[in-house]
Each structure stands twice: as C-alpha cells, then as structure tokens.
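What follows is the residue order along each chain.
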Amino acid sequence: MKPLKTSWTHIRRSPYQALAAVLTMFLTFLVSGAFGLTVATSLLVLHYFESKPQATVFFKDTAQLSEVDTLKTALNATGKIANIKYVSKEDALVIYKEQNKNDPLLLEMVNADILPASLEVSATDPRHLKELEPLMKEAVGVEEVIYQKDVVDTLVAWTNAVRLVGVILVALLSVDAILIIMTIIGMKVALKKDEVEILKLIGASKWYIQFPFLLEGGLYGTIGGFMAWLCIIVLICWFRASILSFLGIIPIVSLLLGNMLSVSFFGSVLGFLFVLSSLGFLLGGIGSLIALKKYITF
Amino acid sequence: MIQFDHVSKTFGPETYALSDLTVEIKDGEFVFLIGPSGSGKSTFLRLILRDIVATSGMVVVDDWDVTKLPQTKIHLLRRKVGMVFQDFKLLIDRTIYENIALGLEIIGKSREETEKGVVDVLALVGLSHKRNSFPLQLSAGELQRVSIARAIVGGPKILLADEPTGNLDPDTSWDIMQILEEINSLGTTVIVATHNASFVNDMKKRTITIKHGELISDEEKGRYHQTERAKHHHHREHEGHKGK
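Sequences listed follow chains A and B, in order.
Residue numbers are given in numbering that gives the first Met the number 0: position 98 of the first sequence equals residue 97, and the series is strictly consecutive.
Residue numbers are given in numbering that gives the first Met the number 0: position 42 of the second sequence equals residue 41, and the series is strictly consecutive.
Heads up, some of the hints might be wrong.
Cross-link-like lysine-lysine pairs, in silico, BS3-like; alpha carbons within 27 Å at most [unchecked claim]: (1) B:K115 to A:K1; (2) A:K205 to B:K72; (3) A:K292 to B:K67; (4) B:K67 to A:K1; (5) B:K67 to A:K293; (6) A:K205 to B:K67; (7) A:K192 to B:K79; (8) B:K108 to A:K4; (9) B:K72 to A:K192; (10) A:K199 to B:K204; (11) B:K108 to A:K191; (12) B:K25 to A:K205; (13) A:K1 to B:K79; (14) B:K156 to A:K205; (15) A:K4 to B:K129; (16) A:K1 to B:K88; (17) A:K192 to B:K88; (18) A:K1 to B:K108; (19) B:K79 to A:K191; (20) B:K25 to A:K199; (21) B:K79 to A:K205; (22) A:K293 to B:K72; (23) A:K4 to B:K88; (24) B:K129 to A:K191; (25) A:K199 to B:K156; (26) A:K191 to B:K210; (27) B:K88 to A:K191; (28) A:K292 to B:K72; (29) A:K4 to B:K115; (30) A:K199 to B:K129; (31) B:K129 to A:K205; (32) A:K199 to B:K72; (33) B:K88 to A:K293; (34) A:K199 to B:K115; (35) A:K199 to B:K79; (36) A:K192 to B:K108; (37) B:K88 to A:K292; (38) A:K199 to B:K108; (39) A:K59 to A:K96; (40) B:K129 to A:K1.
None of these hints come from the bench; they were simulated from the model.
Throw the hints in and build the complete structure from the sequences for me.
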C-alpha cells in the first residue's frame, strides 16, 4: 500500500492543512447528515399519515353502538365510501399500548374508558370527504372529525421547506469543501513540484504520481464523514427517548430505535457510515482531481 | 538503437538548438556528446527522453518514433531510457535506498524484487554502506553515484548522462566515468554529454561533436577539438588531476 503510505506522509507533514480539510468535511457532512435524516424522517411521517384513513370520526364517551351503526350505514349508503372501520375503546387501548410499549409510565395512566371510539373512513375519492363532512359532523354522538389531509398538507409544506433549506446549505457546503480540498491539494502539489518533475523524468506513470494526492483528498473526506457519522449517532443515542416519544408512532423509527442491540439498528448505523464515508471520499476525490488537472500537466 | 533523422529543434523563431541533425547510435555503444555550452547537447538528450519534442525530423528510440509518441506512452519510453543529471535530481526527504527504490516502485516491482535490485546497484556504485543515509549527508560524488544507481536500477536499455561530472573533482569524475563504462560493458547504451576533454581523449570512445546545433564531427575514437582558451583550461585541470 505504497500510495496510502505516501498520502499519510503528506498528511502528517502538514497537519494544520489536514485539520482544516477534515474540519470542513466534518461540518459539511454533519449538516448534510442531519438534514438528510430530518428529510428522511419527514418523508416517513408523511408516508405514515398518507397510509392512514382519510378521516377519523371520534365519538363521545356517551355514544351508543347503535349511533355508530347508524352513521356507518348512512355513510355506506352514499356509495362514496371505499373503506370504513370501527375502532372501539378497547381497540384504541390496544393500539395505544402498542404505540407506547416502550414507555411504561404512559401505559400506567391510561385505560380504555378515557380513549374515544372512532370510525376510520376512506372515500373512493378524497374530494368526496368534503361532501360527507356534514353527515359525519352532525351525526348523533360524534365529538370531532379529523381529516388526515390537513395533517398531510402541513407536513408536506414543512418537509418541502426543510428539504429546500437542506439542499441549498448542503450544496453550498459541498462547493466550499471541494474548494478547500482543491486549494490544499494544489498547495501540496506546488510544494512537491520538484518531486513530481523527477518522478515524471524517471518514468512514473500519471496514475503513480497522481494517486497519492487523489487518495489524500479522499481520506480527508472519509475522515470528515466518519467524524460527522460518529457525532450524529452519539446525538441520536443521547436523544433516543425524546425521538421515540415524538416519532415512536412511525413503525420503522420504533423498530430501529426501540432496541439498540438489534440487527436492524446496527445495519442502519453501518449503512449510514458507509454512505457518509463514501460521499466523503467522492467529494474529497473530486476536489483533488480538479487540483491535479490544474496543477500537474503531462 | 537511437536515430536522429534530420532533426531540428527551435526555441522561438530562428533560435535553433539543433539544426538538421542526422545521427545513429547502435545498441550497446558508448558515445560522448561534446560541444561548447549552448551547442545543443542537452537538447539532444532531452529529445531522446521526450522531455521536449523536435520541431521537425524524426527521433527514433528502440523502434519508437518519439516525436509521435502519445502522452500515455511517454512514461514507458522513460523506463527504457535512464537519465543522470548534473544536479542529481534526488529527493532530499528520502533515504538513498528509497531514492533508488523509486526506479523499481514506479514499474510495480514487489518489495522483495525492489530490495534485491537496490542492493545490487548500490554494490555496483559502491554505496552499500550509505543505504540509510539522506542525500544531505552525502558528498557530490556520492550523490552522482546514487543518481546513476537510480537511473539503472530498472534495467534501462539506454543511459543518458548530462554533464555527470560537471560538479565533481577530477578523481571523483573518473570514478563516475568508470561506473558508466562498467554499465556499458553490461550491455547498456551510454551517451554522455560532457565538457571534460580528458575523458574524451583518454577513453577513446565514439565522439559526436555539436556546435550551434549542427553536427561538426562523428568520430569512432574521438578527440576533444579545443579552442586555445579551452586548451589552457584543460591543461590546468589535467595538471591538477595528476597532482592527486
């Protein structure tokens, strides 16, 4: 591994430049990773809500089963209902327990009596829900009607905003990282001008001369990506309980963070490391390549 | 084999470094290339190494038309042609061993092959005991021997030496010449560009004389045809050598 040894020598001999490069890469990937995860989580939340019934009709505690049946029959009679499902207080308790199984405190305080029974309604076309609204709201025993569309619309707006800010910030930081790597590798090449000339004269190939510089840029990116990964994973572990209480409702979040010794958690964490390190290597490599094209002529 | 066929090289309009030069050097020959400063000796060597390209004519090295050689093959040509420079061109932050090993590493030799190759050439140039020294710890003569060792370690067919004794005292210069002669005796074509008349006159090798970029003479056992001033200089140098 001679090129790796040469790259390491380059890095060791100019530690401050190396530190500047690694910190720039770290910052880039910390922000990119954080925004990436935020956008991914927003999309998961969005998908979760989109997969839910389009409207939920909550009944008062005093509502009778006959009143529920009346509304159900009335809705089915319109011919605009694709699916309708009754969730009793007991069913609601089962769902609640499943969603909060990791938080015994929340389970202790709840019983079936305080949870409302509901009807989960999906129309053949979401636009029909507006026409069905008076029927649902004015039915006897109904307390509240919640439309997923409102939630989804708000989420879409937030996700788009986060994504836009993220893309702009990540693009700017990536350009900055490439420029920093380009400048540092350019300086290294200039410092090693005589060595490069000698290598050319004794018959070294383009690849032999350029590869250590390319590897050096890639290493800055990989180390920066690794540091960002470590930082993000530590933060996720640190705030795991809070994340679970907010997002535990999303099956994949609860699966990943529910048990940190599970294969799925380890797989995801390692996958995330692979993505950040590879992108780091790619970004550093691009910066080096541009510098090599500019400063070494064959 | 090296062939120069009506080769001219200009640096800017009407500045001829070489002018319509035709010459052929066979495999295994030892050739002196002489002429005053600025006569085109270095240009001749640099054309063989494809450090520069001829303005017109054809330079052939070992069946390769160097003037038309694509960029991607230049390093392959340079592995066939070793070069020894007057200023040594060694890497000062690497040991003597590492400097010489470069010649083998660039062609992808294994660590064992490199070790063996470097040990062999260090013995040939008499520097086995200096393998772990750095260039700054060596004398000029030793540095030139390292430079030769690096040039030949990869087993080139041709060895070019541009004023290899330019910075050296007469005794050390003779040592270097003997090493070059020994390398030639092992089958390598050796071309030495020099100002040193005593080598040319005493070694009696083929001598190509260039002046103002033109071929003046090409003699089988050449002599250094000197100007009076140069004669005087040579006389002083020779006396100094005998005095040692």
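**Item:** Numbered hints the structure breaks, given as an ascending list
**Value:** 4, 10, 12, 26 and 31
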